Amino acid sequence: MKKIILMGSPNVGKSVVFSRLTGANVIASNYPGTTVDFSKGSMRLDGEKYEIIDAPGTYSLTPTNKAEEVALKIFKKGDIIINVVDATNLERNLYLTLEILEKKKPTIVALNLWDEAQHTGITIDVKKLEEILGVPVVPTTALTGEGIKELISRLKEAKISKTRSTSEKEKWVKIGKIIKSVEKVEHRHHTIRETIVDATIKPATGIPLAFLIIIVSFWVVRFIGETLVNYIFDPIFELYKPVALQISHLLGPGILHDIIIGRLVNGDISFMESMGLLTTGIYVPFAAVLPYIIAFYLILSILEDSGYLPRLATLVDNVFHKLGMHGHSIVTVFLGLGCNVPGALSTRILETRKQRFISATLLAISVPCMAQTAMVFGILGRYGLQYILMVFLTLMILYLLMGLLLNKIIQGESPEIFLEIPPYRRPSLLATLKKTWMRVRWFLKDAIPWLFLGVVLVNILYSIGFIDWIGNLFAPVIEGILGLSKGATTALLVGFLRKDLAVGMLLPLNMTPYQLVIAATILTIYFPCVATFTVLLKELGLKDMIKSTVIMILTALTVGGILRLILIGW
Amino acid sequence: MIKNIIPLLNLREGKEGKIVELRGGFGFQRKIRVMGLREGKKIRIVSIQPAGGPITIEAEGNMVTIGRGMAQRIFVEVE
Ligand SMILES: Nc1nc2c(ncn2[C@@H]2O[C@H](COP(=O)(O)OP(=O)(O)OP(=O)(O)O)[C@@H](O)[C@H]2O)c(=O)[nH]1
Ligand SMILES: [Mg+2]
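Respectively, the protein sequence lines represent chains Z and Y.
So the first sequence is numbered by my numbering: it starts at 193 and just counts up by one.
So the second sequence is numbered by my numbering: it starts at 34 and just counts up by one.
Some hints here could point you the wrong way.
Stated by the list, open to error - In silico lysine-lysine, DSBU-like type, Cα no more than 35 angstroms apart, as pairs: (1) Lys361/Z / Lys64/Y; (2) Lys75/Y / Lys363/Z; (3) Lys295/Z / Lys363/Z; (4) Lys48/Y / Lys394/Z; (5) Lys319/Z / Lys51/Y; (6) Lys258/Z / Lys64/Y; (7) Lys48/Y / Lys372/Z; (8) Lys48/Y / Lys514/Z; (9) Lys394/Z / Lys36/Y; (10) Lys268/Z / Lys64/Y; (11) Lys600/Z / Lys64/Y; (12) Lys36/Y / Lys366/Z; (13) Lys296/Z / Lys64/Y; (14) Lys64/Y / Lys269/Z; (15) Lys64/Y / Lys297/Z; (16) Lys376/Z / Lys64/Y; (17) Lys74/Y / Lys372/Z; (18) Lys361/Z / Lys51/Y; (19) Lys74/Y / Lys514/Z; (20) Lys75/Y / Lys354/Z.
Because the hints were derived from the structure by calculation, they are not lab data.
Fair warning: this is a prediction, and the values are worked out from it, not measured in the lab.
If we strip away everything but chain Z, and leave its shape as in the complex, we get:
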């Protein structure tokens, strides 16, 4: 099968074009570095099937980070190249275009963001550009789909340009000439709108605004999440309960009952504690976590699509630089708050091994995913907000302290920030809903198998006495150092599979709120879940991952011990 590759600078709309061409959905956001891995799709053209690959964005064919390395590798395998170009920034985009043309692969150029170019008063003579480049050029507005039909119909015309190889210097001269002959720009005035927009990146106004935006975002996530739980998901499960009880009745006692329904608490099903497939196994993902996942990703989509994140990255760069990373790592934190897996992948946009190591390790140590956060709300919310705050405050302080420390001890460079700030764009409702739905589906698809496995495993291990055995084995640490009850060992064990299930397992242990705070914090720190671990292993390599794991476990014990001293005493 022939491979068609989407190549272009970051944030020019490659992923939206990909979705248009293949019908497959991929994440697109208004900041550079959204796509860090490739996605494959397929397309039929005149009865022939083609494979289409969405590559990460790259400014040139000389990679400066891992994501760009991926792009280059994919490019080399391509049979046909669709070079997606930002029509509002033609000049600097042409550098990559010329580099691509010189590689002598059949190429077609999509002049994307055509709508924005028109709005900002940029006119481009497409015919002339086509003549100069020697390959087809098609204006597109991927967002609305305009021009995509033409792009598809002209795909066959993709050809090898006759342009000759030039040095870097010659390329810029050539670009200058091209721009002069094909582009006209109406003089741009600094508008009032831009002045307001600048306020979000100027420190005096931007920093207070950042706090406001973050606080409001978290508040809205919590509000939407709670509302969904209380008014939709809990009522549904109340209706379902008699059905589950009926099944419990039919099954009668035994191991099968334990696995499917779990243990009854005072003769009744407790969705959080029973630990059966049809009780806790479905309640945790659907009723306890899903509502917060929906809420979080709705808000994250808006932050991503508006173009605010790179501005936030600029504002926090200073702090992150002291932690051995740079401002772009805030994207890793935000993605990680949803799920650590995309968070771990996003470290690829950082330039050096040191930056990636610190960013990934801190992610694993002190950024709880939404599934875990939702459960922490679930078990601690009843005792009061202050307990929840204790968990998050500890994790935040830990992020800062560990960053300072790792920056000191990890060898290597941490280069300065160098980040394109895209224009603000109005997030479209449809795109927001679509993106949220995509992520919700991933959550359900990834979470449910692990949750089910966790439930089955716990029941089997319980029945063969393993749980008691391991509880006793680790008692000196769990009871002695961390001050928790022995049963927490099982929760930590299950935490390898799924953190949300693990948090739920703390409930039946009858621990005090302070003990729950310690346990919930430790659950975040000590180890990432299997899914994250596998990705981190791939990203960091075995040696660094071992290092990272040792750091996590040591940190967990230290922080747990300190919290115990402060909250409970010895």
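Start from chain Z and add chain Y with the ligands according to the hints.
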């Protein structure tokens, strides 16, 4: 009018200048140019983050945040 050539780092917020030189290796020059910051481009300082933080500049509608080390190696002409 007297024209001065100074590092971008020395420009204050809101001030404008024209890029005249990128001092650094090939890699550095390419990195800066493909962001739309080329010799001859008019730039404006949008913001300067405090305590050694980065600088955000705008050139022809393009906004870029760069660290101070880089800002020291981009030279601009001011009036
Ligand atoms: N107005 C307008 N917006 C567009 C168009 N195409 C894409 N966008 C928006 O531009 C932003 C970037 O789109 P992406 O598809 O994520 O860009 P990308 O090239 O894949 O970016 P990276 O993966 O970071 O390299 C998103 O917010 C899109 O909604 C277009 O034709 N017009
Ligand atoms: Mg993309």
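Would you pick out the hints that fail for this structure and give their numbers low to high?
Per hint list: zero violations.
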